[in-house]
Amino acid sequence: MSKWKKVTVALSVGIMMFTLAGCGGAKQETTTKPADKKIVLGFSQIGAESEWRTANTESIKASAQAAGIELKFSDAQQKQENQIKALRSFIQQKVDVIAFSPVVETGWDAVLQEAKAAKIPVILTDRSIKMSSGNAEDYYVTFMGSDFVEEGRRAGKWLVDFMKKDNGAVNIVELQGTVGSAPAIDRKAGFEEILKQHANYKVIKSQTGDFTRAKGKEVMESFLKSAKADGEKIDVLYAHNDDMAIGAIQAIEEAGLKPGKDIIIVSIDGVKGAFEAMIAGKLNATIECSPLLGDQLMTATKDLVAGKTLDKRIVTKEGVFPAEVASKELPNRKY
Amino acid sequence: MMEKIQSIWNRFTSSRLCWPLAALFFVLLFNFFFTKDFFTIEMKDGHFYGVTIDVLNRAAPLMLLAIGMTLVIATKGIDISVGSMIAISGAVAASLIGGKLEYVDGVKTLVTLVPMPVAIFTALLVTTLLGMWNGLLISKVGIQPIVATLILLVAGRGIAQLITQGQIITVYYKPFQFIGTGYIFGLPFSLFIVGLVFGITFYAVRKTALGMFIESIGINAVASRFAGINVSKYIFSAYAFSGLCAGLAGLIICSNVSSADGNNAGLFIELDAILAVSLGGNSLDGGRFSLVGSLIGALVIQSITTTIYALGVPPEITLVVKSVVVIVICLLQSANFRKIVFSKWAQKRGIPGEKNAAKL
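Residue numbers (the numbering used here), protein chains in the order written: chain A, 1 to 335; chain C, 1 to 360.
Looking at chain A on its own, in the form it has when it is part of the complex:
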């Protein structure tokens, strides 16, 4: 008797576990409507890592609804295996177009070959990929999104213009994004490209802050102390995203320095938090990296289904925002 009781309890707990795990794992949100041959787009999002990503998700969801496209949305929660699982399920469901924003650059060979075999076109959004063999471009129809190298260059150019220093050392510390991610690699490369033309600008420390506020703060604390120990002065902070810069600003304040004055800060993305920091005078500039590519994505999806060929590269429209324009620009920000 009691044994059976135990079994039932264990079973019900097991069922609960699955339902709970369901809401934690791959969150599937489908906008289901009576479909008469509606275009189906499967989109796998990286996860809610920042306000930027949230705006990206919202833009895609809103545009899909407006364009009358059925969106199968899946959140990968920063894990490649979740994303691969999501892509496989899209292939199984025979969606018309797959779009995804890859968590990391590599490791997509197998799943993209499956998509190709199933003749489902793949669109990459805001991050690119690399293949271990063969040409990556054979596996996707278009790469839509920002040019991260250009963003790095813009950050570098803004800095050189702002500092107006051709002589005398300018010491820069860099907070990198997640190791191995495309924005981290490209934003570093673009920034360094500009610095090469100016020998007095030097990156003295560079470490990953994983694109998060907590890590950005922890690493900045360490930068401040070790730079002091080495007798170096940090003139500039270059953060690969705004959130790390916001974390670092707290570390700089706790060290008794004035962010934006004692240390010039430039970061990338242009999220609302960055504009608030600029209004408070704590951040000097943010390079926009627009997440609002929903409309462009939906147009591309429709074009694909209609049999049109797309450009291999679709670049989103973006700008540079120094602190002076922050208070004017803030009300317009969607993310």
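One or more hints might be untrue.
As the list claims (entries may be wrong) - On the chain C side, residues computed to face chain A include the following (Cβ under 8 Å):
| id | residue |
| --- | --- |
| 1 | LYS36 |
| 2 | ASP37 |
| 3 | VAL51 |
| 4 | ARG58 |
| 5 | THR170 |
| 6 | THR181 |
| 7 | GLU215 |
| 8 | ILE253 |
| 9 | ASN256 |
| 10 | VAL257 |
| 11 | ASN263 |
| 12 | THR306 |
Hints listed in this document are in silico derivations from the structure and should not be mistaken for laboratory results.
Virtual Cβ for every residue (Gly too), placed ideally from N, Cα, C.
The hints should help you fit chain C onto chain A, whose structure is shown.
Structure of chain C alone, referenced to chain A:
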């Protein structure tokens, strides 16, 4: 005199805290030589400022987790859901306090949806309840600890995201930031939280019979039950306590960056907490435990992390460096490993090493 020193030395080397302390000592020694200004502490804005203060401040959440985890592990259990509970605790507190910055007549005003103490109490209550849920599954239903807590490990992040609606919630309410960034008597406030929790726990397990009950349950639960100990009650309480500790750690982490990040707050920290307990000389098999050891273990882990940042190890290889250091420490703590290596080494030097090595 010599004999006295000898006997103190022998007592120290046979003490369970010997190797954890040695590990911490070596990490700090390394920093003494290779990291400039590691031990420099100065006053800044009325509080102490330096790398060692950073280590203590950053280790605070881990130390709290390690205290809870030690008790759980002593009952021969394990709690791998603490990382997710951190995310939940932060999410609850941040969303209750509210993420709106409002300007009234151009002046920033503090806006809270509910009074801060209520928010903090609710966050702690939620994680304690979640800990109780773990305890219930393990002590009453009889599910294995790693499986039972796995449920929350997976589901917890989903719950946290549900609360934050997938957003990073920024808390602009200044008083809340005190928990993670405030100072009392020049020392980080988080350390006082650790001190308080440690003090109460230490008193409870060493000055009452609680500690002995827990150890006895960890060694042999069946025998303990026959000896009249209410086994399931103590196991249940251990997990509830671990949940409370995770809740506190979550508040510190959330408050330190004034934002709640359902995805990344406390990610993989459960592994660090287990490692801290293990580095502290505690057996994952349960039974005898040392709270102090676990705290030292947590400090070792944070010191390694901070050292890596301070040395400027390239980001691509930081994890490798960290794991190599941890492997070395674990090997040195293993009595078997020391016996194999040091007895050979001693024999080579012509010293009858057997006895010494065994004593080490």
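Consistency of the hints with the structure:
1. LYS36: holds, 4 Å
2. ASP37: holds, 3 Å
3. VAL51: At 5 Å from the nearest chain A Cβ, C:VAL51 passes the 8 Å test, so the hint holds.
4. ARG58: holds, 6 Å
5. THR170: holds, 6 Å
6. THR181: With Cβ-Cβ at 7 Å, under 8 Å, it holds.
7. GLU215: violated, 28 Å
8. ILE253: holds, 7 Å
9. ASN256: holds, 7 Å
10. VAL257: Status holds, d = 4 Å.
11. ASN263: Nearest chain A Cβ about 6 Å off; hint holds.
12. THR306: holds, 6 Å
Consistency with the previously given hints fails for number 7 only.
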